[in-house]
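With chain R's structure known, arrange chain D on it following the hints.
There are 2 protein chains.
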Amino acid sequence: MRVIRLFDRDQIDRVIQINRDVIDVIEDAFTLLSTKKVEMPPIMRVDIPEHHGEVDIKSAYIAGYDSFAVKLSTGFFNNPNLGLPSANGMMILLSAETGEPKAVLADNGLLTDIRTAAAGAVAARHLSREDSRIAGVIGTGAQARYQLEALTHVRTIEHVLVYGRKIEKAQQYKEDMEMQLGIPVEICSSPEEVVAGSDLVITTTPSTEPIIKAEWLHAGLHITAMGSDAEHKQELEAEAVRAADLFVCDVKSQSQRLGELRGCLDSDTVNRAIELGEITAGQQKGRTHLGQITICDLTGTGVQDTAIARHVFQILHLQEDDESERY
Amino acid sequence: MRVIRLFDRDQIDRVIQINRDVIDVIEDAFTLLSTKKVEMPPIMRVDIPEHHGEVDIKSAYIAGYDSFAVKLSTGFFNNPNLGLPSANGMMILLSAETGEPKAVLADNGLLTDIRTAAAGAVAARHLSREDSRIAGVIGTGAQARYQLEALTHVRTIEHVLVYGRKIEKAQQYKEDMEMQLGIPVEICSSPEEVVAGSDLVITTTPSTEPIIKAEWLHAGLHITAMGSDAEHKQELEAEAVRAADLFVCDVKSQSQRLGELRGCLDSDTVNRAIELGEITAGQQKGRTHLGQITICDLTGTGVQDTAIARHVFQILHLQEDDESERY
Numbered sequence: 025m026r027v028i029r030l031f032d033r034d035q036i037d038r039v040i041q042i043n044r045d046v047i048d049v050i051e052d053a054f055t056l057l058s059t060k061k062v063e064m065p066p067i068m069r070v071d072i073p074e075h076h077g078e079v080d081i082k083s084a085y086i087a088g089y090d091s092f093a094v095k096l097s098t099g100f101f102n103n104p105n106l107g108l109p110s111a112n113g114m115m116i117l118l119s120a121e122t123g124e125p126k127a128v129l130a131d132n133g134l135l136t137d138i139r140t141a142a143a144g145a146v147a148a149r150h151l152s153r154e155d156s157r158i159a160g161v162i163g164t165g166a167q168a169r170y171q172l173e174a175l176t177h178v179r180t181i182e183h184v185l186v187y188g189r190k191i192e193k194a195q196q197y198k199e200d201m202e203m204q205l206g207i208p209v210e211i212c213s214s215p216e217e218v219v220a221g222s223d224l225v226i227t228t229t230p231s232t233e234p235i236i237k238a239e240w241l242h243a244g245l246h247i248t249a250m251g252s253d254a255e256h257k258q259e260l261e262a263e264a265v266r267a268a269d270l271f272v273c274d275v276k277s278q279s280q281r282l283g284e285l286r287g288c289l290d291s292d293t294v295n296r297a298i299e300l301g302e303i304t305a306g307q308q309k310g311r312t313h314l315g316q317i318t319i320c321d322l323t324g325t326g327v328q329d330t331a332i333a334r335h336v337f338q339i340l341h342l343q344e345d346d347e348s349e350r351y
Numbered sequence: 025m026r027v028i029r030l031f032d033r034d035q036i037d038r039v040i041q042i043n044r045d046v047i048d049v050i051e052d053a054f055t056l057l058s059t060k061k062v063e064m065p066p067i068m069r070v071d072i073p074e075h076h077g078e079v080d081i082k083s084a085y086i087a088g089y090d091s092f093a094v095k096l097s098t099g100f101f102n103n104p105n106l107g108l109p110s111a112n113g114m115m116i117l118l119s120a121e122t123g124e125p126k127a128v129l130a131d132n133g134l135l136t137d138i139r140t141a142a143a144g145a146v147a148a149r150h151l152s153r154e155d156s157r158i159a160g161v162i163g164t165g166a167q168a169r170y171q172l173e174a175l176t177h178v179r180t181i182e183h184v185l186v187y188g189r190k191i192e193k194a195q196q197y198k199e200d201m202e203m204q205l206g207i208p209v210e211i212c213s214s215p216e217e218v219v220a221g222s223d224l225v226i227t228t229t230p231s232t233e234p235i236i237k238a239e240w241l242h243a244g245l246h247i248t249a250m251g252s253d254a255e256h257k258q259e260l261e262a263e264a265v266r267a268a269d270l271f272v273c274d275v276k277s278q279s280q281r282l283g284e285l286r287g288c289l290d291s292d293t294v295n296r297a298i299e300l301g302e303i304t305a306g307q308q309k310g311r312t313h314l315g316q317i318t319i320c321d322l323t324g325t326g327v328q329d330t331a332i333a334r335h336v337f338q339i340l341h342l343q344e345d346d347e348s349e350r351y
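So the protein sequences, as listed, match chains R and D.
Sequential numbering from 25 applies to the first sequence in my numbering.
Sequential numbering from 25 applies to the second sequence in my numbering.
Bound conformation, chain R alone:
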């Protein structure tokens, strides 16, 4: 029997960061989703109503790959009262040839944060104007940070506009991101102000009411909406989705169930929607002219989990080989 290794968040954190490699790995995953046979069962969910908690289980097997991941992600919304983060999670990497577990990545949600941000960068790479200089960010949490960091690897961002409901958090975001990325961050007093001043906007909120109105859209704008991933969440007015020249999502059926397509009941909008993997695979075009208004809705997919788990395991594995050589 082979020994199964458990890697904790610190061990994983030491070997992975958001960079072009990771963005390329996630871009490849989207391409595979559109070109290869992928087994991706619907998300399994366990509700723990007493503790305001939920567990989501995702998995995807990509034909021809020697391994695949099963991911548990938890959201327990009383945790902040206990001084704990509400999100947690781990991935289990299994051999696709024998079913044997290869590793437990007890990453505490880190890999999900990274693969989600990387997907945002893939969307920006194919949909935002190449000359985008001003990025708008709605929300001030972990993804507001990771998404902006990932974006800087595919676009030359010179200025950031941010809006958060709590001014202290927006202030903290400004300080942290200016320090981390060396880019000036300006706090706006409304989402409208952010949208008006930006070439590209990322929405990262758990909002259940639309934040972005159709009337704010302007020529050349790109929006990545990554907040909505459940039946009750929505960040964009349905009219905004309809008004976009190009509406893209990670998985159409998921966007209809959990994402921004949920609000669009007209079949025309749904039929026009294309998947990000069709663009990365070259089957469909991304942005074709400067004045286009583009939107990308990301709900999160099991292929991203499989791709990032494989990637980090490979790094950890190589590192161990190195270490065993040294001793």
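None of these hints come from the bench; they were simulated from the model.
A portion of the hints provided could be inaccurate.
Identical copies carry no separate label here, and so any pair may be met within one copy or between two of them.
Listed below are the simulated DSBU-like cross-link pairs for lysine-lysine, each with C-alpha atoms no more than 35 Å apart in a straight line [what the hints assert, rightly or not]:
#1 Lys193 with Lys309
#2 Lys237 with Lys257
#3 Lys60 with Lys257
#4 Lys257 with Lys61
#5 Lys61 with Lys190
#6 Lys60 with Lys190
#7 Lys60 with Lys198
#8 Lys190 with Lys309
#9 Lys198 with Lys61
These figures come from a predicted structure and were not determined experimentally.
What follows is chain D alone, placed relative to chain R:
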């Protein structure tokens, strides 16, 4: 951040065996299934057709419990050609209060084997005649062994009849079980011979065709059918299910989808079926007289996984406390 411990099969094997404690733990789990609010989503399945493999993911949260398990079990049917067992698996125990992972039990399917056998003993305890002396076993694999072992904790078995399609395997079963349990085992030349001579029969095969015929049933007989757990499997003739005086299953909807109720299209048989937890909870009666013919169909439930994972984690935990005291 708390440290998550991974326990491997050897570590788990050292602290758990089939005994009355484990059988009681599993009996309690069935009672909870009928008396408490249980969140038990449908089984999630990932198919890996290229390698003749599948992963099943089960989970159940029992209201009021401080933890619950998510189980991955794999079946890769080319593995025997590679010298590996086809089944594998692990359980992850999560805090029901915060979602934090408490432990990874990389048990390689051992806990599933034990909780499945324990469920068989619970069924025998409530449904077989108390004076059952002769046990019949169809099949010679791991469950044929674990089920018999578990049975000896609730009934005084003096003689065993076994049937297996391969005589060498039946011979090995006889040798192993006589050595392990000190009970004489007799090899039969047909399933019919086993049923005819037994007070109680356990079927443990992956058969896709019924093995047990209705005409073989005799007064006082109890059958536990634990083999069928998928849409294409069946061990009992539908007519046998209909002919039983009492038909019991672990979860009715699962027995209809994956178990022996699948073959019964008449609503009368389905309506008469009761769940094992209703009996252990005292809401329904088990065997009421000696001549009754009873059948219990076990397809496997997430509450059993949660119950056994909690049980073994408690033992491992206590042991660690002991060890840390010693040093």
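Legend entry - Unmet hints by their number, sorted upward, for this structure: Of the numbered hints, 1, 5, 6, 7, 8 and 9 do not hold.
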